[in-house]
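Protein chains in written order, with our numbering: chain H, 313 to 448; chain S, 313 to 448.
Just so you know, same-sequence chains aren't split out, so a pair can sit in one copy or run between any two.
Here are the computed lysine to aspartate or glutamate pairs in the DMTMM-like style, where the Cα-Cα straight-line distance is at most 25 Å:
id : residue 1 : residue 2
1  : LYS402    : ASP431
2  : LYS402    : GLU390
3  : LYS416    : GLU440
4  : LYS416    : ASP336
5  : LYS416    : GLU405
6  : LYS402    : GLU412
7  : LYS324    : ASP373
8  : LYS350    : GLU322
These are computed hints drawn from the structure, not numbers from a lab.
Just so you know, these numbers come straight off a predicted model, no measurement behind them.
Protein chains: 2
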Amino acid sequence: MVEVTHRQTEQKAAVRSALEKSTDFISAQDLHARLRDKGSTIGLATVYRSLNDLSQTGEADVLQSGTGQLFRYCGSGEHHHHLVCVDCGKTVEVEVPVEEWVQKVSQTNGFTPVRHVLDMYGRCADCEAIRRSTAR
Amino acid sequence: MVEVTHRQTEQKAAVRSALEKSTDFISAQDLHARLRDKGSTIGLATVYRSLNDLSQTGEADVLQSGTGQLFRYCGSGEHHHHLVCVDCGKTVEVEVPVEEWVQKVSQTNGFTPVRHVLDMYGRCADCEAIRRSTAR
DNA sequence: GCCGTAGTGAGTTGCGTTCTCAATAGCGCC
DNA sequence: GGCGCTATTGAGAACGCAACTCACTACGGC
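Generate coordinates for the entire structure from the input sequences, incorporating the hints supplied.
Here it is as structure tokens:
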């Protein structure tokens with residue numbers, strides 16, 4: 313066991329770099345397409361592998377959308393939550409003191425907490441304005 | 313335009329009834345199989361359609377699992393959250409005063425809240441005991 | 001420079017969900 | 001009660017995402 317695992321490769325770097333450049337959540341497929349557009353020959357499977365690695369180390373956030381999972385770069389490994397605009401995809405990282413509630417509720421019900429999901433969806437000021445003037 | 317929308321059909325009733333009988337979250341496929349076992353000739357597509365309708369009216373809760381979406385009956389149209397055992401699937405409905413935080417955080421960032429997801433995963437007392445005695 | 005092996009890419013497979021479309025059956029109307 | 005319109009249904013096909021397979025590549029230790 314010499315721990316040679318996790319070699320540094322161009323592909324992983326490319327995925328991380330591309331993810332950093334995207335400010336909003338992006339799907340693995342989109343990221344793959346974006347890399348291919350830039351001339352990379354990276355494979356879809358590699359993009360998935362890299363993204364899963366990144367999400368496991370806490371370098372990336374994962375969001376479960378209707379069509380699949382979306383990824384987003386997240387420098388700090390700290391746990392946080394998201395406020396996402398349902399129209400334009402704009403994302404804000406927010407702090408919600410929900411951890412203590414999770415602890416409390418779990419204890420009350422005899423559960424040992426493992427993980428929790430808290431994501432908020434709404435419409436940002438811009439999209440809300442557009443909506444008001446257009447629809448209805 | 314006479315608004316004849318939403319006819320009452322046996323199939324929808326069957327789906328709702330089967331969902332009510334299941335205390336834990338169940339997948340659309342499982343529900344379909346269960347109905348077929350009972351002699352129904354209902355189609356998978358119809359199960360999906362009915363479940364989506366139910367979740368839209370708030371009569372059913374949806375949970376995004378790794379393998380797909382899980383449904384659960386929820387008589388009260390009231391909003392609540394879940395504490396789910398990752399091992400046995402046991403589910404407890406819990407009240408978490410997260411709504412006020414959603415309001416607050418949304419307002420701070422200029423968002424109009426639409427919906428939010430808060431689900432907690434852990435291990436129930438029984439499964440935790442089993443885990444301790446078995447593994448490690 | 002050489003070698004062993006982790007990592008990669010193209011294609012394929014598997015699975016859950018949605019779509020298509022002809023057939024069926026609610027429901028309003030007479 | 002019977003008629004007609006059309007929402008709904010069911011079977012299978014199609015779709016999309018994610019994971020797997022396997023031969024090939026290239027990283028990194030020697």
